[in-house]
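Single-letter residue listing:
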Amino acid sequence: MGKKVLMQGNEACVMGAIAAGMRFFAGYPITPSTEIAEISAQELPKVGGRFLQMEDEISGAAAAIGASVAGVKAMTATSGPGFSLKQEHIGYAAEAEIPVVVVDVQRVGPSTGLPTSPAQGDLMQARWGTHGDHPAIVISPATVKETYLEAIRCFNLAEKYRTPVIFLMDEMVGHLREGIEIPEADEIEVIDRTVNKNLTDEQAYSIPEGKYAPEMAPFGEGLHYNISGLFHDETGFPRGTAQSYEKFMNRLLDKVEKNRDDIEKWEEKFMDDAEIAVVSFGGAARSAEEAVIEARKQGIKAGLFRPITVWPFPEKALEAVAKKVKRFLVVENNAGQMVIEVKAHAGNVPVDFLGRFNGSVVDPDEVLAKLKEEA
Amino acid sequence: MASELINNTMRLRNLPHIWCPGCGNGILMRDVAQAITNLGLDRDKVVIVSGIGCSSRAAGYMNYNTLHTTHGRAIAFATGIKMAKPELTVIVITGDGDSSAIGGNHLIHAARRNIDLTVVVFNNNIYGMTGGQFSPTTPTGSLATTAPYGSIDRTFDLPTLAMGAGATYAARGSAYHVPQTTKLIQDGIAHKGFALIDCMAVCPTYYGRKNKKGDAVKMMTWQKENVVMKAKADTMTAEELQGKAVIGCFRNEENVPEYTAEYTKLIERLKA
Ligand SMILES: Cc1ncc(C[n+]2csc(CCOP(=O)(O)OP(=O)(O)O)c2C)c(N)n1
Ligand code: SF4
Ligand SMILES: [Mg+2]
Chain A
1 MGKKVLMQGN
11 EACVMGAIAA
21 GMRFFAGYPI
31 TPSTEIAEIS
41 AQELPKVGGR
51 FLQMEDEISG
61 AAAAIGASVA
71 GVKAMTATSG
81 PGFSLKQEHI
91 GYAAEAEIPV
101 VVVDVQRVGP
111 STGLPTSPAQ
121 GDLMQARWGT
131 HGDHPAIVIS
141 PATVKETYLE
151 AIRCFNLAEK
161 YRTPVIFLMD
171 EMVGHLREGI
181 EIPEADEIEV
191 IDRTVNKNLT
201 DEQAYSIPEG
211 KYAPEMAPFG
221 EGLHYNISGL
231 FHDETGFPRG
241 TAQSYEKFMN
251 RLLDKVEKNR
261 DDIEKWEEKF
271 MDDAEIAVVS
281 FGGAARSAEE
291 AVIEARKQGI
301 KAGLFRPITV
311 WPFPEKALEA
321 VAKKVKRFLV
331 VENNAGQMVI
341 EVKAHAGNVP
351 VDFLGRFNGS
361 VVDPDEVLAK
371 LKEEA
Chain B
1 MASELINNTM
11 RLRNLPHIWC
21 PGCGNGILMR
31 DVAQAITNLG
41 LDRDKVVIVS
51 GIGCSSRAAG
61 YMNYNTLHTT
71 HGRAIAFATG
81 IKMAKPELTV
91 IVITGDGDSS
101 AIGGNHLIHA
111 ARRNIDLTVV
121 VFNNNIYGMT
131 GGQFSPTTPT
141 GSLATTAPYG
151 SIDRTFDLPT
161 LAMGAGATYA
171 ARGSAYHVPQ
181 TTKLIQDGIA
191 HKGFALIDCM
201 AVCPTYYGRK
211 NKKGDAVKMM
221 TWQKENVVMK
231 AKADTMTAEE
241 LQGKAVIGCF
251 RNEENVPEYT
261 AEYTKLIERL
271 KA
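Protein chains in written order, with our numbering: chain A, 1 to 375; chain B, 1 to 272.
Pulled out of the complex, with its shape left as it was, chain A reads as follows (with noise of 0.2 Å):
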C-alpha cells in the first residue's frame, strides 16, 4: 500500500479515475460534484490529460464521448438536474458501444429540489433514466477508499465492454472525509479496451465469437469507420431487418446479462447466522452498518447486505439470503426505489422499508428502532 491521506470523496473519485487512465473530463459545475470537475481542472493536466468546462450537462457528456471514439479515457460529472440532461447520451454511448463514465453525485430531487442535501433518488433513473432497452452498469461506493477503488473498476468495465457505466455516488459520500491509503499503481489492475489491429473497415462493428464487445481501433489510427446512434450492421452504418435489429439488442443486453459474474458485486457483513437482513447502498449503508452493528450488541441477529454494483442488481445473492433470514429491512435515502427489486426477489419473505428523502441522512438510531420494533 502506498500513502495515506485525507481525502474527500469527490476528489478520491478523480484520483480513481486518473489511475485507471482517465485523461479527459468535460463537464459542468453543480453542487454537490463540483468538486470532481475542479479536481480534474488541477490535476489532468499535470498529467498530459485534458480538461473542459462545457456549456451544460449535455456538451459535457458529449464531448466525453468525442474523446473516448478518439481512444482517450474519458468521464463526466454531474448531479441531479445534469443527470436529467445526460440521459440521451447515455443511451448513445450505449447504443454506438463507447466506453465512457458519467459520474452522478445524488441530491435531493425533483428538479432543483432541496440543494444541495444527500439523497439517493436516481437509482432507478440511472437504471431506466435514458430511452429504450439498453444496458445498465451502476456502481455506488458507500466510503472513499471504496469509491477511489471503484472509480478504477467503472472505467474498467467501461472499456472492456465498451458501454457507459454509471457512478453512482451520493453527497454524503462524496462531501465525505476519510483517511486511505493510496494504492501502489502495481497494485491495481487497469483494463484497456481491446483493439483488433487486423479489422477492416467493414469489420469494424464485428463480434469476435464468444465476445460481446467490438474491437476496432480508436479515430485516427487508420481504420474508416462510421459510428452512430441509429442501429447498424458491422460497418456501422444504418442498415438492417428487424430479426438483425434483435439480435444487435439482445447482444447489447448480453454484455451485461452473460457476464453477471464479473460485473456484479456486493458485501455481506454478519450474514452468517443472520435473522434478519438489512440492504443499504451507498451512503446510507454506513448508518445501516452501525444501527447492525449495535443491534447485534444488544442481541438482535441482524446482518447486512449491501450491493456495490446496484445495476445489475446482484439478485441471486439476494436470493440466497432469502433463503436463510426471516425479514428484510431495506434502508434507502429515497421513498424506495431499491425495495422494489429486493421485493422481486425476495420469495416469501417479508420486506420492510426505511426511507428518508427530507434531505436528511438516515440515522441508525431510526434503524436501529426499526431492527427492534422487527426482531
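These are computed hints drawn from the structure, not numbers from a lab.
It is possible that some hints are incorrect.
Quick look at which bits of chain A chain B covers, simulated, 3 or more residues with Cβ under 8 Å [said to hold, decoys possible]:
#, region
1, 40–49
2, 70–79
Taking lysine-lysine pairs in the DSS-like style, the calculated list, with each CA pair at most 25 Å apart, reads [to be verified]:
#, chain 1, residue 1, chain 2, residue 2
3, A, K46, B, K271
4, B, K213, B, K224
5, A, K269, A, K323
6, A, K323, A, K343
7, B, K271, A, K3
8, B, K244, B, K212
9, B, K265, A, K46
10, A, K197, B, K45
11, A, K316, A, K265
Under 10 Å between C-beta atoms, here's a sample of chain B residues computed to sit facing chain A [stated by the list, open to error]:
#, residue
12, I52
13, A59
14, N63
15, G72
16, R73
17, A74
18, I81
19, K82
20, M83
21, A84
22, L266
Backbone N, C-alpha and C define an ideal beta-carbon position, used for all residues, glycine too.
Model the placement of chain B with the ligands on the given structure of chain A, informed by the hints.
Structure of chain B with the ligands alone, referenced to chain A:
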C-alpha cells in the same frame, strides 16, 4: 460509374444516398470531399462529425472517420474529439436546425473558444428530416407545417451569429456555386480556429413545395440568378441587394489563439 473523387472519398457500398431527387445535400457533400482532397489531407486523420437530420446523413457516406451523433450536439462531440486528439482535422456537417436551434448553444460556445473545428451547415431553411417544420433560418412569412399561416419568427443569419460569438472564420456558399463554395470550405478547414461555412442548400420536397419555389431546377436557378459574390456586393447599395443572397468569406482572422493549442501550452508549462 463513379468519378475518381467519389471513388476516393465516398463509401460506395452505402450509396445510393437517402436524399430526395433534386436535394442540394449531395452537391454540398461533394464540395466538402473536394475541399478535403484539394488540401491533400491524410484520410486517417480526418474526422467528420454530424448531428441528426437529412444533412447529417452525409457522414455515413463519406470514407473517413465518421461520427453520426445526436440532434444538435455534433459540435459538442467534435469539441471532445479535437480536444482529446488535436492532431485530427475535425469537420462538422450539420443542418440549420441542428446547428442553430437545438445546437445553438454549442455553436456559439465553440466559436467563442475558437477551437479548430470547421462547421459546414447544409442550410435548407427548414427541418427536412421531420417533414417541413420551420427552423431558425426559415425566412419570416414562409409556410411550414408548423407555420400554416406563415412564420412570424425572425431569423438567424448564421455567419453573423457565428462572428458575434467570436468565430474567426465565417463564410457563406451555395449549392449552385460549386467551385466558390468548395474553396470557402477548403479555406475554412485550412484556417486554424473556429470556422463556419453556411451553405445554401435546396429542399424542393418541403421548403420548395410549401412555398411554391418550384422544383429543384427552379430553386437552383434562383441561386444562380440571385446570389451575389461578396466582392461585388461590397460595391452595391442596400437597395440593389434587396432579395439577393451574398456568398463569400466575411471574416478570416488568423493569429487568434486556438483553444487546443492553448491547452497544449498549459500542459507544457506544468511539465516545466
Ligand atoms: C432531441 C431530438 N429532438 C428532435 C428530434 C427530431 N428531429 C430530427 S431531425 C430534426 C430537424 C432537422 O432539421 P435540420 O437540422 O435543419 O436538418 P435537415 O433535415 O433539414 O437537413 C428534428 C427536429 C431528434 N431526433 N432528437
Ligand atoms: S427532405 Fe429536403 S433536405 Fe431532406 S432529403 Fe429531401 S430534399 Fe433533401
Ligand atoms: Mg434544415
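Verification of the supplied hints:
no., hint, result
1, 40–49, "holds (count 3)"
2, 70–79, "holds (count 4)"
3, A:K46 with B:K271, "holds, 7 Å"
4, B:K213 with B:K224, "holds, 14 Å"
5, A:K269 with A:K323, "holds, 16 Å"
6, A:K323 with A:K343, "holds, 14 Å"
7, B:K271 with A:K3, "holds, 23 Å"
8, B:K244 with B:K212, "holds, 18 Å"
9, B:K265 with A:K46, "holds, 12 Å"
10, A:K197 with B:K45, "holds, 17 Å"
11, A:K316 with A:K265, "holds, 11 Å"
12, I52, "holds, 8 Å"
13, A59, "holds, 7 Å"
14, N63, "holds, 6 Å"
15, G72, "holds, 8 Å"
16, R73, "holds, 5 Å"
17, A74, "holds, 8 Å"
18, I81, "holds, 4 Å"
19, K82, "holds, 8 Å"
20, M83, "holds, 5 Å"
21, A84, "holds, 4 Å"
22, L266, "holds, 5 Å"
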